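Protein chains in written order, with our numbering: chain A, 1 to 808; chain B, 1001 to 1272.
Honestly, I wouldn't trust all of these hints.
As the list claims (entries may be wrong) - To give a feel for the contact side, a few chain B residues facing chain A, derived at Cβ under 7 Å: (1) 1171; (2) 1188; (3) 1246; (4) 1260.
Said to hold, decoys possible - Per label pair, the in silico range of CB-to-CB distance: (5) A/58 - B/1143: 19 to 29 Å; (6) A/121 - B/1105: 37 to 47 Å; (7) B/1053 - A/118: 38 to 48 Å; (8) A/61 - B/1062: 43 to 53 Å; (9) B/1047 - A/19: 39 to 49 Å; (10) A/35 - B/1023: 39 to 49 Å; (11) B/1105 - A/613: 51 to 61 Å; (12) B/1233 - A/142: 48 to 58 Å; (13) B/1047 - A/203: 24 to 34 Å; (14) B/1235 - A/425: 31 to 41 Å.
Unchecked claim - One side of the interface only, derived from the structure: several residues of chain B facing chain A at Cβ under 8 Å: (15) 1002; (16) 1004; (17) 1006; (18) 1009.
Worth flagging that the hints you see were computed from the coordinates, not collected in a lab. Note that the coordinates shown come from a computational prediction; the quantities given were computed from them, not determined experimentally. Backbone N, C-alpha and C fix where the C-beta goes; we use that ideal spot for every residue, glycine too.
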Amino acid sequence: MTATAEPEVGKARLRKEDARLITGQTRWTDNLQLTGMLHMAVLRSPVAHARIRNIDCSRATAMPGVAIVLTGQDFAAEQGSLPCAWPITEDMKSPPAPALAVDQVNFAGEAVALVIADNAYRAADALAAIDVDYDELPVVLDLEEALRDRDLVHPDLGTNKCATWVYDSAEAGSGTDVEDEIAAAEVVLERTFRQQRLIPAFMEPRSVVVDPSAGMFTVWSATQIPHILRWMLSAVTGIAEHRIRVIAPDVGGGFGGKLQVTPEELLCLLAARRMGRPVKWTESRTESMLSGHHGRDQLQKITLAARRDGTVTGLKVELLADMGAYLRLVTPGIPILGAFMFNAIYKFAAYRFVCTNVFTNKVPTDAYRGAGRPEATFAIERMMDELAAELGVDPLKIREQNWIRHDEFPFTTVAGLTYDSGDYEAATARALELFDYESLREEQQRRRASGDPVQLGIGISTYTEMCGLAPSRVLGALRYGAGGWETASIRMLPTGKVEVITGTSPHGQGHETVWSQIVADKLGVPFEDVEVLHGDTASSHKGMDSYGSRSLAVGGTALVHAADKVLAKARRLAAHMMECDEADVEFASGSFSVRGTSTVRSLGDVVLAAHVAHDLPEGMEPGMDADATFDPDNFSFPHGTHLCATEVDTETGVVRIRSYVAVDDVGTVVNPLIVDGQVHGGLAQGIAQALYEEAVHDETGTLTTATFADYLVPSAADLPAFITARTSTPATSNPLGAKGVGEAGTIASTPAVVNGVLDAVRHLGVKDIEMPLSPERVWNALQGRSADGSGDVAAGGLGSIDAQGGQS
Amino acid sequence: MIPAEFRYLTPSSVDEAVRMLAEEGEDAKIIAGGQSLVPVLRMRLAAPTALIDIGGLTELTGVRDDGDSLLIGAMTTHYEVQRDHLIQDHALLLKLVTDTVADPQVRHRGTFGGSLCHADPAGDLLAPVLALDAVMIIAGPDGRREVPASEFFVDYFETALAPNEILIDVRVPKYTGWGAHYEKLNRVAQAWAIVAVAAAVQVRDGTIAAARIGLTNVGSGPVRAVDVESALVGQPVSAIAEAARWASTGDGYKDNLARVLTGRALTAAVTG
């Protein structure tokens, strides 16, 4: 066994999982073929709100290959209600959420019947032979309209209001009263922003296989949360938890979209139980967009109070958050994750946050990359630019004037969080240097002066976020249904190889590589000698899975602790083997030695000795394994400064990002290549919200953006070459110093782009443009026309294809 | 992809394909590169009973020199069009337009003729084919017939092709030495154009001798900007900005784009 001389932590390792993922030489859920397996197809409601009068399955049941057709009535006694694990208030309204609609459908795309057939084609064919009679009900789509309670999504609830959640700094004792600050303020700005609805758009569609044989229910699912899924499936069905095994094999992306207990996972389980045979379901892309949960969708009314010298004093946030038709796993809590982030890096004296959650006849919302924090960051970063414009000062200066100075950390904010570390000055200075801020400002002036048809704008976003979810006591205080700890195990094999078992559930992040790097450094073993097991509840016996940029800060720390336990035991055994006092044993580069002598035992020798157990110290158990579970004391707070130069073609409304600088402080970096990848992908998704993506419903509640021809996900061809750099103030809340990077790019970039566009056209009289900033919206705003949500021109798309179209 | 059931037929000649179309009736469909039809099948927007795959008919691929014009086989892929020297030399506009079609995967499978027959007004190839006065050569039970592009595109997703006919070749007059440009505005690289303008211009001694301009996605089919074309003839290059205003007279966003993009396409075409 040779030790790696150069530390693994900090090395830009290529990802060890990539070869199999990129070439497809791995097991995706949909690749599974089990003997006797049946296939499930789901009939989905074409209408957004209706009573189901009758479902006639007789024709479908008689179709070739169809084993059974099932409706909500068939499962009514056993399907229970899909779980919501985050009742944010005691009086929150939570309607029953059947996996298969029983007597009413509440969004277009909701499952109303299942065909179970001998192959996927025949299952799909039979869907068209199911006749459903709907009595249509009025649809509730608009948030403000919904609050008037004229038409109700769930009449039994008596209201469309789900819950109201309040944080007030005066009540919490973390600050003054916001109404006092507003009343006393020299400047009060009030703005309303719309966070459009987004679709997670992971690469691998959802897929589930359930095998009911051998007295167990083995569930394969393309999920982010195998452990939570097992728990919840047991809770909903009453099947004993130890009779359910959940396996998340390699999973192709999630972005929060697979942080869910889905109707289809439950239905596959129920169908497999009923049929006594394995059942598979794999969705199409359109099905994914129609029924997988969506993200964002908020209306944000923001009031900012400030002094004329630019000092901010008070911030009032009044949110309407669209839940969609049902509360899924953490639906109501998503906007609450943003509650602590609106004040961001700034020192407000007073803060009040009121969020009203609202039901509509749309697909339920839930976690999507950033989950609550991008919405908050967008609003505050837009407001800081609005304040700068109002006062006629540089938007960077106004931020600098109000942010928490490096020498003020740790800093307890008006929202009650304690930011442990950060250096906004350093990140900003680095960003300015890379961006060439001053010369871009000069060019901007030149273009304005000459009336250039292409105007230049500079967008700024000095963001922070809370991640490393989460201290369990905080989650408890927020009424979340689970803890935020993470677990790791290390098994030292007799040949010196290492198996790591993690409770995190990677679905594209590269945990296998990063966990290997951490263990290689801790134990002095080669990177290649570490195997990481994950995502199978039979081997990874407990965990809280992957979301919220938590895996490294929390799961990585558990792994460090497990490695420390291995080393502590190995040190004791090494002392025994070398016949010395334990205090004299030194460990370096994978070997134990006795201080001041040449006596050496490699870790491999010690592990083998522990394994054969021929001669162990008194009371020592054989073997060299360790488990550790880590529950963080605090969140971690990545931050950074993003600068975006945008060119706006005033003749066409087209926005082009000319340059983008992202300087992020994510604490200690284990693998810079992976961090860069996370930042790049995050930027792409955040920029997509600013410029491209939007889930659009027509007036009947039909999703009109249900293909990638209509829902515009940008590719590399649409994005600039990103300039990324880092500053580092290590997190103090975990021994790695890691803060988390999975969501940072998404959180930071949306306001940077929108601020940039507005900076380019503000002098032409444009004050705001709704996202996404499509060319038509930008052009309309420049003409002084309404730039609101409606009226984007069609640009082709599958929805417009005539079924009788010609030869192709 | 889980389409409805269909029979899959592979003719070995154009005549056999025509015969199969006649035998299978109106619910049969020709499949060429499949880049428009397969998404339609996937979404079950159409459920043809039979697909007649003309992908094996090598006689329909490639570009031939035919004196004053080029003959482009209907099954020539976009990728082949992009790299063909005859097209580069005599119909540069087609190459430039084809460069912008979708993505490399689509360009390797999708065909020149298939795009035209699908007749999506947002499809890129319709406007240049119309502007360049191309002629469609069509095979049917009664032999061959020719239809000018101006009569071929009838409406949204509708052409002059009868259900029992197949497009086999497109004749494009040679525009040797003409400048060309395709100015396309789409929201992301893979999206259809909101509006695009295909322009070919012949300049002699600083004067515009002739211009051909086709607009993508401003109507139920491709639109030829005849007013702009005629306004340009005999004018200096500097007249482009003024002439481009005739691309549309409306005040909507797409009207604006038609004007702006026409000006830009012409300017780029004359400056190379």
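Taking the hints in turn, this is what the structure says about them:
{"no.": "1", "hint": "1171", "verdict": "violated, 18 Å"}
{"no.": "2", "hint": "1188", "verdict": "holds, 5 Å"}
{"no.": "3", "hint": "1246", "verdict": "violated, 17 Å"}
{"no.": "4", "hint": "1260", "verdict": "holds, 5 Å"}
{"no.": "5", "hint": "A/58 - B/1143: 19 to 29 Å", "verdict": "violated, 50 Å"}
{"no.": "6", "hint": "A/121 - B/1105: 37 to 47 Å", "verdict": "violated, 24 Å"}
{"no.": "7", "hint": "B/1053 - A/118: 38 to 48 Å", "verdict": "violated, 27 Å"}
{"no.": "8", "hint": "A/61 - B/1062: 43 to 53 Å", "verdict": "holds, 52 Å"}
{"no.": "9", "hint": "B/1047 - A/19: 39 to 49 Å", "verdict": "holds, 40 Å"}
{"no.": "10", "hint": "A/35 - B/1023: 39 to 49 Å", "verdict": "holds, 41 Å"}
{"no.": "11", "hint": "B/1105 - A/613: 51 to 61 Å", "verdict": "holds, 58 Å"}
{"no.": "12", "hint": "B/1233 - A/142: 48 to 58 Å", "verdict": "holds, 53 Å"}
{"no.": "13", "hint": "B/1047 - A/203: 24 to 34 Å", "verdict": "holds, 28 Å"}
{"no.": "14", "hint": "B/1235 - A/425: 31 to 41 Å", "verdict": "violated, 59 Å"}
{"no.": "15", "hint": "1002", "verdict": "holds, 4 Å"}
{"no.": "16", "hint": "1004", "verdict": "holds, 6 Å"}
{"no.": "17", "hint": "1006", "verdict": "violated, 11 Å"}
{"no.": "18", "hint": "1009", "verdict": "violated, 14 Å"}
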